[in-house]
Amino acid sequence: LGNIQAEQTHKHEIPEGALLIQLGGKGMLIGLGGGAASSMDTGSNSADLDFNSVQRGNPEIERRAQEVIDRCWQLGQGNPIIAIHDVGAGGLSNAFPELVNDAGRGAVFELRAVPLEEHGMSPLQIWCNESQERYVLSVLPEDLEKFRAICERERCPFAVVGTATDDGRLQVRDELFGNSPVDLPLNVLLGKPPKTTRTDETQKQPAQAFSAAQYDLKESAYRVLRLPAVAAKNFLITIGDRTVGGMTHRDQMVGAWQTPVADCAVTLMGFNTHRGEAMSMGEK
3 LGNIQAEQTH
13 KHEIPEGALL
23 IQLGGKGMLI
33 GLGGGAASSM
43 DTGSNSADLD
53 FNSVQRGNPE
63 IERRAQEVID
73 RCWQLGQGNP
83 IIAIHDVGAG
93 GLSNAFPELV
103 NDAGRGAVFE
113 LRAVPLEEHG
123 MSPLQIWCNE
133 SQERYVLSVL
143 PEDLEKFRAI
153 CERERCPFAV
163 VGTATDDGRL
173 QVRDELFGNS
183 PVDLPLNVLL
193 GKPPKTTRTD
203 ETQKQPAQAF
213 SAAQYDLKES
223 AYRVLRLPAV
233 AAKNFLITIG
243 DRTVGGMTHR
253 DQMVGAWQTP
263 VADCAVTLMG
273 FNTHRGEAMS
283 MGEK
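Numbering follows my numbering, with no gaps: position 89 of the sequence shown is 91.
Please note: incorrect hints may appear among the correct ones.
In silico DSSO-like links for lysine-lysine, alpha-carbon gap of 27 Å or less [claimed, not checked]: (1) K13 with K148; (2) K13 with K194; (3) K13 with K28; (4) K148 with K28.
So the derived label-pair ranges between C-beta atoms look like this [to be verified]: (5) A258 with W75: 40 to 50 Å; (6) K13 with R155: 22 to 32 Å; (7) D265 with N5: 17 to 27 Å; (8) T275 with S222: 33 to 43 Å.
For the record, the hints were derived by calculation from the structure and aren't laboratory data. Predicted model only: the values in this text are computed from it and were never measured. In this text, a Cβ means the ideal position worked out from N, Cα and C, and glycines have one as well.
Kindly produce the complete structure, drawing on both the sequences and the hints.
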């Protein structure tokens, strides 16, 4: 599916004072009520707009955000991103707290710093909408200009929304109303609930003697041969695109009849490298 450098696979410690950034699209009045709301009313055929579901996406912004992320991790040790988290169910109200909680930090956010596509949204709607094509990440203050230059080159919007603290609290300030709509310890929001304990008992089932006389041999053979683990695996091999991306060195097809009997598939990691991956299903 892809590859990444080993040193880029773990989040780093977020220090106090680190900047907390939203990367990608603007917030819209959609996706309120949690990720389950997107399919809650499926089939109701209502003509009214359902603002609880995630209706609108922007693949262009998604691509720009991905290019920024790729340019950052390709810098290796110079990667300005300390930690990153995607924005999914719950919107920023879930993504930002999880980002800092993983590092054992708290955070202070300015609600009006969140980029918005629609004005007039309430603090709850700004903080909890599930607009797509957004990521939250942390950058050191001294790396902000480097990160800004990458975003400007890729024409991807971003905004510094908050800073990390060492008090373990989540505080969301609203300069428009002069209050803090969210101010609570993070362990209240993300603390581990009590574990559920269940007791089970294994009951012995009486075994019956097997008799092949009750089964039709032809029908049984057909039923066994229909199983993917028994019949030919050709469709599992041929269903995939063999050349997408232009970095396939050895595909699964061999010979004049193009039968899928190659020992393995070999793909390159890039156009300017001799490194790559070899993959095999292990059964052919």
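Hint-by-hint comparison with the structure:
Proximity of K13 to K148 is assessed by CA-CA distance (about 19 Å); at most 27 Å being required, the pair is judged to hold. Of the pairs offered as hints, the one joining K13 and K194 holds, with about 21 Å between alpha carbons and a cut-off of 27 Å not exceeded. Under the criterion of a C-alpha separation no larger than 27 Å, the hint pairing K13 with K28 is consistent with the structure, at around 25 Å. Straight-line distance between C-alpha atoms of K148 and K28 comes to about 22 Å, which keeps the hinted pair within the 27 Å bound.
For A258 paired with W75, a C-beta distance near 42 Å keeps the hint of 40 to 50 Å intact. Under the hint 22 to 32 Å, the C-beta atoms of K13 and R155, about 25 Å apart, fit the expected range. Checked against the hint of 17 to 27 Å, the pair D265 and N5 passes, with Cβ atoms roughly 21 Å apart. As the Cβ distance of T275 to S222 is approximately 52 Å, the hint placing it in 33 to 43 Å is violated.
Going through the hint list in order, the structure does not satisfy hint 8, though it satisfies all others.
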